[in-house]
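Residue numbers (the working numbering), protein chains in the order written: chain Y, 1 to 144; chain H, 1001 to 1233.
Keep in mind that the hints were calculated from the coordinates and are not lab data. Do not take every clue at face value.
Unchecked claim - Simulated restraints, written as ranges between beta carbons of each label pair: (1) H:Ala1052 - Y:Val42: 51 to 59 angstroms; (2) H:Asp1111 - Y:Pro55: 24 to 32 angstroms; (3) Y:Thr17 - H:Pro1148: 42 to 50 angstroms; (4) H:His1154 - Y:Pro19: 22 to 30 angstroms; (5) H:Val1171 - Y:Glu65: 28 to 36 angstroms; (6) Y:Glu65 - H:Leu1124: 19 to 27 angstroms; (7) Y:Gly38 - H:Leu1023: 15 to 23 angstroms; (8) Y:Pro19 - H:Ala1052: 26 to 34 angstroms; (9) Y:Thr17 - H:Leu1023: 37 to 45 angstroms; (10) Y:Val26 - H:Ala1052: 22 to 30 angstroms.
Ideal placement from N, C-alpha and C gives every residue a C-beta, glycine not left out.
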Amino acid sequence: MKEFFKKIGQGFLGIITLPFFLVLLVLGFIVGVFVFIGYLFVVLVRFFRGDNLFPMSEREEKAGEILRERAMNNDTKSENVNTIVQAAPQMAPQIIIIQTGTDASGQPIFSPVANPHYQKVNSAPELSIANTEVSEVSSNENFE
Amino acid sequence: MKILNNLVQLTDNDKRLLIAIFLVVILLFLIAGYIFELVKRIVTNQGRKIDAVMANMVNTAVLRSPKEFRREARRKNRMLLFKGYIIPFLLVLVGLIIHLLASTFYGHIIDIFDYENEGFITILYVWDWPSMPRSSFFGLSLPSDWPPVINQPHFEASAIVSYFIGPIYLVGLVWLFLSTQAYVARIYRIFQLNRLLFSNDLTNKRLADVSTQKAGVEQPAVGVALNNEQTNK
């Protein structure tokens, strides 16, 4: 309902301001035609000279240079990051063999089959908690 | 007093008519409201064009004062106006050339608003607005019916040139109207940005509040300590 009354109010406002808007447009049109004719002559002169029809101002060129520099810096930064990533050594998978005993001749057992604690490559070790008591330790606990 | 007397003497039919008129007025305002909203959105979008062309210069802080900003923005606006006007201008020019050439061939200036023989209006309905039926309502003379139709759409061979140049003029003029609206919208936007970009108003500025962040880190530690104290007890 609020929106409805708002729209009606806007409509009322629109009808009141319409003549002013039209006057503004007519004035804009008159000014625009003069500006257009003036600019047309300038553009024609530039065209016959072989210059750029819509040249950039000094400030625009300066802004363009700054933006180019920024883009270049960003590119070099990203290139550096890529080279660092590429140069980083690849972590080789490690095989951990835990020796647990010796065979009949007294030599240590390295056979994965014989060694129950042998871990497969890239497999996470399983954790099991035997009947151990867990006590909460807080950061503020006094151990004295 | 006269209106009051009239209101007192209202019959049921008059009341119904009054309600109908009221509803029609409300409907008109509502439609005008939607049109107003649409025009506002279009004008805002047209004005944003200046943001796009000035963004690089503003972002790189090349423009140091409102005067520099205004100068550059006006230069850009003139450029955009030229680009916006060139096609409709050429359309109207082509239409004018065809119009003048055809007029020399016909031996007189072709009237494109003529609805009988050679105008573009021959293919449109024409109403006789001045002789619209009117009736008196509470002392006011209001239109009571549609005006009589004085022209039914019909084809005229002598109006072929008008059928060509009429749409060309129409498209060119509508395009010119929109380009002018965009030009005015951009001028308004330049004033707006000039005020906003170089303003010292701190109303909408917010400083980063780090005090809450610090408290957020310490709070859980305190909470753990309290819990431990309670369990120890």
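Each hint, compared with the structure:
1. H:Ala1052 - Y:Val42: 51 to 59 angstroms: violated, 23 angstroms
2. H:Asp1111 - Y:Pro55: 24 to 32 angstroms: violated, 45 angstroms
3. Y:Thr17 - H:Pro1148: 42 to 50 angstroms: Once the Cβ atoms are compared, 34 angstroms apart, the range 42 to 50 angstroms for Pro1148 of chain H and Thr17 of chain Y is violated.
4. H:His1154 - Y:Pro19: 22 to 30 angstroms: Violated: the Cβ-Cβ distance is about 36 angstroms, outside 22 to 30 angstroms.
5. H:Val1171 - Y:Glu65: 28 to 36 angstroms: The hinted range 28 to 36 angstroms is violated for Val1171 of chain H and Glu65 of chain Y, with Cβ atoms some 42 angstroms apart.
6. Y:Glu65 - H:Leu1124: 19 to 27 angstroms: The hint (19 to 27 angstroms, Cβ to Cβ) is violated, given that Glu65 of chain Y and Leu1124 of chain H are roughly 57 angstroms apart.
7. Y:Gly38 - H:Leu1023: 15 to 23 angstroms: Given range 15 to 23 angstroms: violated, Cβ gap about 52 angstroms.
8. Y:Pro19 - H:Ala1052: 26 to 34 angstroms: holds, 31 angstroms
9. Y:Thr17 - H:Leu1023: 37 to 45 angstroms: violated, 24 angstroms
10. Y:Val26 - H:Ala1052: 22 to 30 angstroms: holds, 27 angstroms
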